[in-house]
Amino acid sequence: MVGNGMSAESKAPVRVDVWSDIACPWCAIGTVRLDAAIAEVSSREDAPAFDVRYHAYLLDPDAAPTDLTHAEDLARRKGLSLEQVTQMHEHVRQSAAGDGIAFDFDAVKPASTRKGHELIALAAERGRQREAVRALHDAYFVHGRRVDDLDTLVDIGTGLGLGLQAGEIRDALETGALETRVDIDLDEARRLGVQGVPFYVFDAKYAFSGAQQAEQIVRVIDHVAAEASHERD
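Under our numbering, read the sequence shown as residues 4 to 236, first letter to last.
These aren't lab readings, by the way, just hints derived from the structure by calculation. Quick caveat, the model's predicted, so the values are computed rather than measured. Ideal Cβ positions, reconstructed from N, Cα and C, are used throughout, including at glycine. Some hints here could point you the wrong way.
Said to hold, decoys possible - With a straight-line cut-off of 25 Å between C-alpha atoms, the simulated SDA-like cross-links for lysine to any residue are:
1) Lys208 / Val221
2) Lys208 / Arg184
3) Lys14 / Val204
4) Lys112 / His146
5) Lys14 / Glu234
6) Lys14 / Ala127
7) Lys14 / Leu62
8) Lys112 / Asp141
9) Lys81 / Val145
10) Lys81 / Ala99
11) Lys208 / Phe53
12) Lys112 / Ala142
13) Lys14 / His233
14) Lys208 / Asp186
15) Lys112 / Leu62
16) Lys14 / Gln132
17) Lys208 / Asp225
18) Lys14 / Arg133
19) Lys81 / Gln215
20) Lys14 / Ala66
21) Lys81 / Ser98
22) Lys112 / Asp152
23) Lys112 / Arg129
24) Lys112 / Val204
25) Lys208 / Ala50
To be verified - Derived Cβ-Cβ restraints for the label pairs, each shown as a range:
26) Leu83 / Gln198: 17 to 23 Å
27) Gln87 / Ala229: 40 to 46 Å
28) Glu230 / Thr178: 41 to 47 Å
29) Ala105 / Ser212: 22 to 28 Å
30) Gly82 / Gly164: 39 to 45 Å
Please model the complete structure; the sequences and the hints are all you need to start from.
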């Protein structure tokens, strides 16, 4: 790419589509790793621009308010023992800590994430989607907030720099105007055969699932960018 006489601004950006769920711990980790990979590539001379778009996915489409802990809810849904879930939590917690995230599974309040995805869709319209994704992951896994609670979502939304008043955010979430955006994402996930998240698609050509290490993501980006450069030559 370097030396082809093209500036970063003149190149087509590397498109990254990510399907994720707010209630997916590996999605939270994957978001941090994707950010790290993009930051590394972007620090280079003549680096490409990026067009990253997050899409809704519901791990539990039928999620309803519950008094169960995260461990109890996961054990119920997956048919696991609490001991097995505790071991899983510890593994994920250690992985998250390695990426600077302090998960608190004991504080997590299981809930439907659909309205949270609507807030992410609203943030996308205002150029703040990445910030919304990170904020909602932190709200759910770090701070133990209810992401199905409208007041909570409005509070999170007002801190995203959307240029909207609290009442405007509330109206957008209450009217159901953003539901179609979420449904489109879910339909596309089914069309692509997405079975788990995070799920990444680069330039509509290369896909992988799981929270890969930043170094692996960098290699994918380099391959995609090199291929795009070759196609232009």
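Against the structure, the hints:
{"no.": "1", "hint": "Lys208 / Val221", "in the structure": "16 Å, holds"}
{"no.": "2", "hint": "Lys208 / Arg184", "in the structure": "23 Å, holds"}
{"no.": "3", "hint": "Lys14 / Val204", "in the structure": "19 Å, holds"}
{"no.": "4", "hint": "Lys112 / His146", "in the structure": "10 Å, holds"}
{"no.": "5", "hint": "Lys14 / Glu234", "in the structure": "12 Å, holds"}
{"no.": "6", "hint": "Lys14 / Ala127", "in the structure": "23 Å, holds"}
{"no.": "7", "hint": "Lys14 / Leu62", "in the structure": "36 Å, violated"}
{"no.": "8", "hint": "Lys112 / Asp141", "in the structure": "12 Å, holds"}
{"no.": "9", "hint": "Lys81 / Val145", "in the structure": "23 Å, holds"}
{"no.": "10", "hint": "Lys81 / Ala99", "in the structure": "22 Å, holds"}
{"no.": "11", "hint": "Lys208 / Phe53", "in the structure": "15 Å, holds"}
{"no.": "12", "hint": "Lys112 / Ala142", "in the structure": "10 Å, holds"}
{"no.": "13", "hint": "Lys14 / His233", "in the structure": "12 Å, holds"}
{"no.": "14", "hint": "Lys208 / Asp186", "in the structure": "23 Å, holds"}
{"no.": "15", "hint": "Lys112 / Leu62", "in the structure": "15 Å, holds"}
{"no.": "16", "hint": "Lys14 / Gln132", "in the structure": "23 Å, holds"}
{"no.": "17", "hint": "Lys208 / Asp225", "in the structure": "14 Å, holds"}
{"no.": "18", "hint": "Lys14 / Arg133", "in the structure": "22 Å, holds"}
{"no.": "19", "hint": "Lys81 / Gln215", "in the structure": "24 Å, holds"}
{"no.": "20", "hint": "Lys14 / Ala66", "in the structure": "43 Å, violated"}
{"no.": "21", "hint": "Lys81 / Ser98", "in the structure": "21 Å, holds"}
{"no.": "22", "hint": "Lys112 / Asp152", "in the structure": "11 Å, holds"}
{"no.": "23", "hint": "Lys112 / Arg129", "in the structure": "28 Å, violated"}
{"no.": "24", "hint": "Lys112 / Val204", "in the structure": "30 Å, violated"}
{"no.": "25", "hint": "Lys208 / Ala50", "in the structure": "20 Å, holds"}
{"no.": "26", "hint": "Leu83 / Gln198: 17 to 23 Å", "in the structure": "19 Å, holds"}
{"no.": "27", "hint": "Gln87 / Ala229: 40 to 46 Å", "in the structure": "43 Å, holds"}
{"no.": "28", "hint": "Glu230 / Thr178: 41 to 47 Å", "in the structure": "43 Å, holds"}
{"no.": "29", "hint": "Ala105 / Ser212: 22 to 28 Å", "in the structure": "25 Å, holds"}
{"no.": "30", "hint": "Gly82 / Gly164: 39 to 45 Å", "in the structure": "42 Å, holds"}
The earlier numbered hints that this structure contradicts are 7, 20, 23, 24.
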